[in-house]
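**Student:** With the hints as extra help, turn the sequences into a complete structure.
Protein chains in written order, with my numbering: chain G, 2 to 278; chain L, 2 to 278; chain R, 2 to 278; chain P, 2 to 278.
Bear in mind the hints are in silico, worked out from the structure with no lab data behind them. Just to be clear, a hint being listed does not mean it is correct.
Pairs involving identical chains hold if they fit within one copy or between any two copies, as the list cannot separate such chains.
[Stated by the list, open to error] In the EDC-like style, the derived pairs of lysine to aspartate or glutamate whose C-alpha atoms are separated by at most 20 Å in a straight line are: (1) K256 <-> E272; (2) K135 <-> E272; (3) K254 <-> E272; (4) K256 <-> E278; (5) K256 <-> E9; (6) K96 <-> E39.
Listed below are the residues making up each chain.
Number of protein chains: 4
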Amino acid sequence: GKWKVWTEKDVKQTWPNHPSFSHKGTFGTGYLIAGSDEMPGSVLLAAKGAMRAGIGKLVIGTTPFVAGAIAGQIPEATYFFEGLIKAGDGEFPEKLSVCAIGPGIVPGEETEKAIQSILQNDWPVVLDAGALHKRTYPKNRQHPIVLTPHPGEFSRLIDQPISYIQKNRIEAASKFAVEENVIVVLKGQYTVIAFPDGTGMINPTGNIALGKGGSGDALTGIIAAFLSYYENKKAAVANAVYLHGLCADLFVKTKGVRSMLAGDIPDILPEVMKRFE
Amino acid sequence: GKWKVWTEKDVKQTWPNHPSFSHKGTFGTGYLIAGSDEMPGSVLLAAKGAMRAGIGKLVIGTTPFVAGAIAGQIPEATYFFEGLIKAGDGEFPEKLSVCAIGPGIVPGEETEKAIQSILQNDWPVVLDAGALHKRTYPKNRQHPIVLTPHPGEFSRLIDQPISYIQKNRIEAASKFAVEENVIVVLKGQYTVIAFPDGTGMINPTGNIALGKGGSGDALTGIIAAFLSYYENKKAAVANAVYLHGLCADLFVKTKGVRSMLAGDIPDILPEVMKRFE
Amino acid sequence: GKWKVWTEKDVKQTWPNHPSFSHKGTFGTGYLIAGSDEMPGSVLLAAKGAMRAGIGKLVIGTTPFVAGAIAGQIPEATYFFEGLIKAGDGEFPEKLSVCAIGPGIVPGEETEKAIQSILQNDWPVVLDAGALHKRTYPKNRQHPIVLTPHPGEFSRLIDQPISYIQKNRIEAASKFAVEENVIVVLKGQYTVIAFPDGTGMINPTGNIALGKGGSGDALTGIIAAFLSYYENKKAAVANAVYLHGLCADLFVKTKGVRSMLAGDIPDILPEVMKRFE
Amino acid sequence: GKWKVWTEKDVKQTWPNHPSFSHKGTFGTGYLIAGSDEMPGSVLLAAKGAMRAGIGKLVIGTTPFVAGAIAGQIPEATYFFEGLIKAGDGEFPEKLSVCAIGPGIVPGEETEKAIQSILQNDWPVVLDAGALHKRTYPKNRQHPIVLTPHPGEFSRLIDQPISYIQKNRIEAASKFAVEENVIVVLKGQYTVIAFPDGTGMINPTGNIALGKGGSGDALTGIIAAFLSYYENKKAAVANAVYLHGLCADLFVKTKGVRSMLAGDIPDILPEVMKRFE
Ligand SMILES: Nc1ncnc2c1ncn2[C@@H]1O[C@H](COP(=O)(O)O)[C@@H](O)[C@H]1O
Ligand SMILES: Nc1ncnc2c1ncn2[C@@H]1O[C@H](COP(=O)(O)O)[C@@H](O)[C@H]1O
Ligand SMILES: Nc1ncnc2c1ncn2[C@@H]1O[C@H](COP(=O)(O)O)[C@@H](O)[C@H]1O
Ligand SMILES: Nc1ncnc2c1ncn2[C@@H]1O[C@H](COP(=O)(O)O)[C@@H](O)[C@H]1O
Ligand SMILES: [Mg+2]
Ligand SMILES: [Mg+2]
Ligand SMILES: [Mg+2]
Ligand SMILES: [Mg+2]
Chain G
2 GKWKVWTEKD
12 VKQTWPNHPS
22 FSHKGTFGTG
32 YLIAGSDEMP
42 GSVLLAAKGA
52 MRAGIGKLVI
62 GTTPFVAGAI
72 AGQIPEATYF
82 FEGLIKAGDG
92 EFPEKLSVCA
102 IGPGIVPGEE
112 TEKAIQSILQ
122 NDWPVVLDAG
132 ALHKRTYPKN
142 RQHPIVLTPH
152 PGEFSRLIDQ
162 PISYIQKNRI
172 EAASKFAVEE
182 NVIVVLKGQY
192 TVIAFPDGTG
202 MINPTGNIAL
212 GKGGSGDALT
222 GIIAAFLSYY
232 ENKKAAVANA
242 VYLHGLCADL
252 FVKTKGVRSM
262 LAGDIPDILP
272 EVMKRFE
Chain L
2 GKWKVWTEKD
12 VKQTWPNHPS
22 FSHKGTFGTG
32 YLIAGSDEMP
42 GSVLLAAKGA
52 MRAGIGKLVI
62 GTTPFVAGAI
72 AGQIPEATYF
82 FEGLIKAGDG
92 EFPEKLSVCA
102 IGPGIVPGEE
112 TEKAIQSILQ
122 NDWPVVLDAG
132 ALHKRTYPKN
142 RQHPIVLTPH
152 PGEFSRLIDQ
162 PISYIQKNRI
172 EAASKFAVEE
182 NVIVVLKGQY
192 TVIAFPDGTG
202 MINPTGNIAL
212 GKGGSGDALT
222 GIIAAFLSYY
232 ENKKAAVANA
242 VYLHGLCADL
252 FVKTKGVRSM
262 LAGDIPDILP
272 EVMKRFE
Chain R
2 GKWKVWTEKD
12 VKQTWPNHPS
22 FSHKGTFGTG
32 YLIAGSDEMP
42 GSVLLAAKGA
52 MRAGIGKLVI
62 GTTPFVAGAI
72 AGQIPEATYF
82 FEGLIKAGDG
92 EFPEKLSVCA
102 IGPGIVPGEE
112 TEKAIQSILQ
122 NDWPVVLDAG
132 ALHKRTYPKN
142 RQHPIVLTPH
152 PGEFSRLIDQ
162 PISYIQKNRI
172 EAASKFAVEE
182 NVIVVLKGQY
192 TVIAFPDGTG
202 MINPTGNIAL
212 GKGGSGDALT
222 GIIAAFLSYY
232 ENKKAAVANA
242 VYLHGLCADL
252 FVKTKGVRSM
262 LAGDIPDILP
272 EVMKRFE
Chain P
2 GKWKVWTEKD
12 VKQTWPNHPS
22 FSHKGTFGTG
32 YLIAGSDEMP
42 GSVLLAAKGA
52 MRAGIGKLVI
62 GTTPFVAGAI
72 AGQIPEATYF
82 FEGLIKAGDG
92 EFPEKLSVCA
102 IGPGIVPGEE
112 TEKAIQSILQ
122 NDWPVVLDAG
132 ALHKRTYPKN
142 RQHPIVLTPH
152 PGEFSRLIDQ
162 PISYIQKNRI
172 EAASKFAVEE
182 NVIVVLKGQY
192 TVIAFPDGTG
202 MINPTGNIAL
212 GKGGSGDALT
222 GIIAAFLSYY
232 ENKKAAVANA
242 VYLHGLCADL
252 FVKTKGVRSM
262 LAGDIPDILP
272 EVMKRFE
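**Tutor:** Below, the structure is given as structure tokens:
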């Protein structure tokens with residue numbers, strides 16, 4: 002059928018292989034535009050998610066204040082100061098293979114200008130949090146645009162109450178995906194992943210341990226990483242969602258379900274990734 | 002009776018359940034006004050306590066200096082710069098379910114103005130450390146006000162010497178709780194929890210490993226988290242105190258009793274929380 | 002005899018006990034004047050050493066730059082900005098039970114002024130690194146002054162070449178201790194601890210894993226903590242040195258001897274402390 | 002023969018011994034000129050690599066911004082602010098036993114001036130990343146100059162396409178090493194180590210887990226450390242490369258191959274070092 006529950010078997014079958022001579026260039030360079038002075042942590046969560054998920058290099062577009070606060074925790078990344086403003090002016094780091102924007106930034110003119118500029122480039126794009134605002138999307142892109150709203154954010158995108166969305170998760174996500182030519186990741190229990198061609202997946206992993214500020218930011222990073230080096234972009238998104246949830250399922254085996262922090266996701270990810278090799 | 006020793010069985014019986022579709026909104030948003038440039042760490046301890054204890058989202062009202070120093074250690078939180086001053090002007094983050102104030106700030110006009118403003122809002126409130134000063138409390142609130150003095154702080158609140166307090170822990174705490182319509186957590190070995198209705202509990206957990214700067218800050222965060230998502234507010238406070246002590250009891254099984262740091266409490270908490278699920 | 006090799010049995014026999022109602026006040030408040038903008042880490046190592054060794058509270062006198070760089074790593078401590086300069090003006094935090102000065106600061110007028118001011122107060126004092134300079138010491142103090150030179154530093158204190166010192170470790174240290182009325186901890190393999198009364202100890206623990214920048218800073222913190230809450234001040238110093246070395250002996254059981262960092266010492270200390278309870 | 006595959010046995014045979022009275026002076030002082038405001042993490046990775054590999058002391062020449070961002074993560078190091086500019090003026094920390102330059106800095110006039118100044122001093126030198134630029138090297142030095150290009154960087158050094166280099170790794174590296182009188186570490190799968198005398202080694206360890214931003218920075222630190230305290234400078238370089246790869250080989254035994262971060266290398270190194278003692 003056009004819709005299916007995504008299972009461990011699906012993840013295994015779509016897991017990419019890389020020859021032993023691969024190097025960081027093979028896995029691509031991600032660009033993460035995120036974080037602002039009063040929301041500095043989101044970018045760290047997304048960055049760790051992306052790097053633990055296997056991106057080759059990561060450039061973070063954020064403020065110097067945020068960079069100073071987080072650099073010691075993710076020394077593998079580099080920075081492009083004031084990346085949001087620079088994006089608005091069409092200024093980007095070189096040779097990108099994916100761009101994610103949204104965690105820790107607020108919607109507004111500056112953000113919108115940056116997004117419009119990003120959409121003119123043909124990288125895979127992930128739009129989350131502050132980047133989730135109503136707009137039209139280009140129809141003729143080669144690379145996917147992924148939106149990752151939770152029900153509250155999706156409610157604002159489609160002008161429907163949350164209760165409507167939760168009763169019609171698949172239909173609502175799929176309609177938007179087809180009409181707007183984007184991939185919709187409608188988050189929450191049984192995350193729905195809807196593609197522009199009308200197909201989609203339902204994710205069975207995850208639990209209420211993910212009900213914590215920042216969980217979505219880590220997911221944004223993982224999706225970006227998989228989009229960077231997967232050929233199969235549908236599987237990239239679905240596997241990212243699947244593994245993100247699996248981290249939480251592993252956590253609650255030994256720790257209290259309410260005790261998980263979003264920062265535990267990238268810490269657990271290496272063990273979860275190992276299961277599929 | 003009106004007073005009882007709080008036991009493992011009590012914690013188990015009052016442990017809340019959450020349906021599998023719960024999300025961060027279910028667990029509420031806490032606001033922590035704490036930390037100043039020369040006391041930056043307290044807020045991190047309280048924040049970690051709150052998040053490991055299961056609050057959905059956490060906003061920290063502190064100075065930019067403090068935020069820059071700690072953000073890399075608690076990336077799941079966001080900030081409301083100069084929250085103490087803003088609170089005095091009635092400015093707060095949106096949709097709060099609990100507010101805690103005190104760790105790492107000094108008593109004074111600014112602090113008092115902030116507290117008066119907080120008390121006009123009907124959230125559960127935790128007052129600790131620098132927020133523990135003599136004042137009168139509103140009588141017609143729906144949500145509890147929790148004060149968490151150690152004997153030295155309580156001595157200043159009730160104008161009695163520490164020796165008097167230590168000889169009359171239950172009586173002194175209960176009298177204050179009833180008269181002032183607040184919940185008193187009188188800390189130290191066998192922490193006393195006194196409610197405005199004259200009832201109360203004595204906590205059997207904890208040990209001298211908690212005799213370290215910052216232990217109380219972690220407790221403040223845990224109490225705030227439990228108040229945020231517990232229906233039963235008495236149990237929220239008692240369970241917070243119980244689990245805080247249990248972290249120390251677990252620590253000393255393998256580590257030197259004098260070696261515990263307050264920062265170990267939130268690190269151990271996930272394992273302790275698991276015991277009650 | 003007047004001199005002895007300090008053994009595990011000695012540590013056990015002099016290990017202090019604390020009643021179950023002890024609190025942070027019982028373990029005292031340490032003041033650590035250390036760190037400068039280009040040497041910010043030393044103070045973190047000493048602070049972690051002190052807190053893992055059981056001090057009740059720790060105040061760090063350092064620059065705002067250093068505080069901002071380390072506060073996230075030792076949230077249990079508070080700060081007294083520009084403590085070195087303030088010490089020179091006789092300004093100190095309240096109710097101290099021990100003061101350590103030296104790691105990460107340079108000798109000079111400012112440092113000397115601070116030390117002279119410290120010596121006028123009757124706390125136990127630890128002088129290390131940048132605080133090790135020739136001067137005369139007060140003879141009528143109740144509380145000990147502990148100097149912790151390595152052979153190079155001791156060479157400058159007594160105007161003798163390192164080779165002379167290494168051939169006459171006990172004699173040289175003891176002579177200085179007796180003449181200057183201070184406790185000398187002459188560091189290096191078989192650290193010599195010489196007391197003003199002519200007695201002393203030789204420490205058998207430790208190994209070349211300690212041959213790393215910062216090892217001595219951690220020791221300074223541990224000595225300060227033990228001086229803060231030990232009645233027996235001789236045992237305080239000897240046990241600190243013994244345990245510091247034991248951390249290294251434990252490390253090399255599973256890790257490469259050259260791989261140890263000074264920061265591993267406070268991390269291992271809780272396990273080492275447990276052995277003596 | 003002149004070229005050989007470097008094996009575990011070779012590492013064991015060339016592993017240095019140090020007497021039990023060794024101290025930090027024995028292992029030398031390294032100077033690492035690295036890091037800039039938008040590339041702050043590289044220097045932390047190199048610094049941790051160097052210190053976990055056993056250097057006695059480490060001074061980091063970087064900007065105050067970078068120092069503030071990383072100091073809490075490597076408290077054992079000290080700083081020489083604006084080391085790049087100061088190096089250009091011939092200003093260096095005292096008593097160095099090795100100097101590494103390049104991670105996190107950009108090529109340009111300032112960098113070149115610093116390198117020329119470094120090359121006039123007779124320490125072992127490691128040139129990586131931003132320090133890899135075409136220039137001539139002194140022929141009459143006692144201590145080695147080590148260049149650590151990946152194929153892309155080597156392509157710019159010898160004006161040949163990457164494809165040419167990858168087909169002629171040994172020949173190309175050896176030619177350059179002999180002609181320029183430097184040690185060339187041509188990185189990538191089967192890293193080639195070419196010496197000025199025409200001999201060389203091929204490294205069998207490592208895997209695609211190293212295909213991540215920052216892996217090379219950690220290697221730079223490890224090489225610098227080994228050069229600092231090895232008599233046998235050829236073995237120093239070869240063993241550094243061998244152990245760096247072995248960290249990755251150990252990682253993938255339990256964690257996903259794409260999940261490794263460069264920062265895991267220094268964390269794993271102590272266990273890897275232990276194998277050779
Ligand atoms: N009850 C739940 N069960 C499964 N996944 C959840 C649950 N609550 C939240 N999540 C996931 O946690 C993340 C929250 O994203 P955000 O709200 O942006 O932080 C999403 O990936 C959600 O799918
Ligand atoms: N000897 C002790 N036994 C049990 N709990 C203690 C003991 N000493 C301190 N505590 C707890 O540690 C915390 C200290 O709070 P504070 O003084 O604000 O840092 C409180 O929760 C005390 O109840
Ligand atoms: N070879 C060694 N054996 C035992 N202890 C050592 C050795 N080398 C250094 N140490 C200890 O490491 C610390 C070094 O202090 P510092 O030189 O001030 O960093 C002192 O406590 C020394 O006693
Ligand atoms: N596929 C691979 N197999 C073995 N080592 C690798 C591989 N890819 C990268 N490396 C190593 O990882 C490091 C990358 O350096 P750099 O490109 O400067 O970050 C070098 O030490 C390479 O030899
Ligand atoms: Mg989100
Ligand atoms: Mg307190
Ligand atoms: Mg020293
Ligand atoms: Mg490199």
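**Student:** Each hint needs a verdict: does it hold in this structure or not?
**Tutor:** Each hint, compared with the structure:
Proximity of K256 and E272 under a CA criterion of 20 Å is satisfied in both settings, with 16 Å inside one chain copy and 5 Å between copies. Taking identical chains as interchangeable, the C-alpha atoms of K135 and E272 are never at most 20 Å apart, the minima being 38 Å within one chain and 43 Å between chains. For the homomeric pair K254 and E272, the shortest alpha-carbon distances inside one copy (14 Å) and between copies (10 Å) are both at most 20 Å. For a Cα distance limit of 20 Å, the shortest separation of K256 from E278 across copies, 10 Å, qualifies, whereas the shortest one inside one copy, 26 Å, does not.
In this assembly of identical chains, K256 and E9 lie within 20 Å of each other by CA distance solely across copies; the values are 18 Å between and 23 Å within a copy. Taking the shortest alpha-carbon separations for K96 and E39, only the inter-copy value of 17 Å comes in at or below 20 Å, while the best intra-copy value is 30 Å.
Violation of the numbered hints given earlier is confined to hint 2; every other hint is satisfied by the structure.
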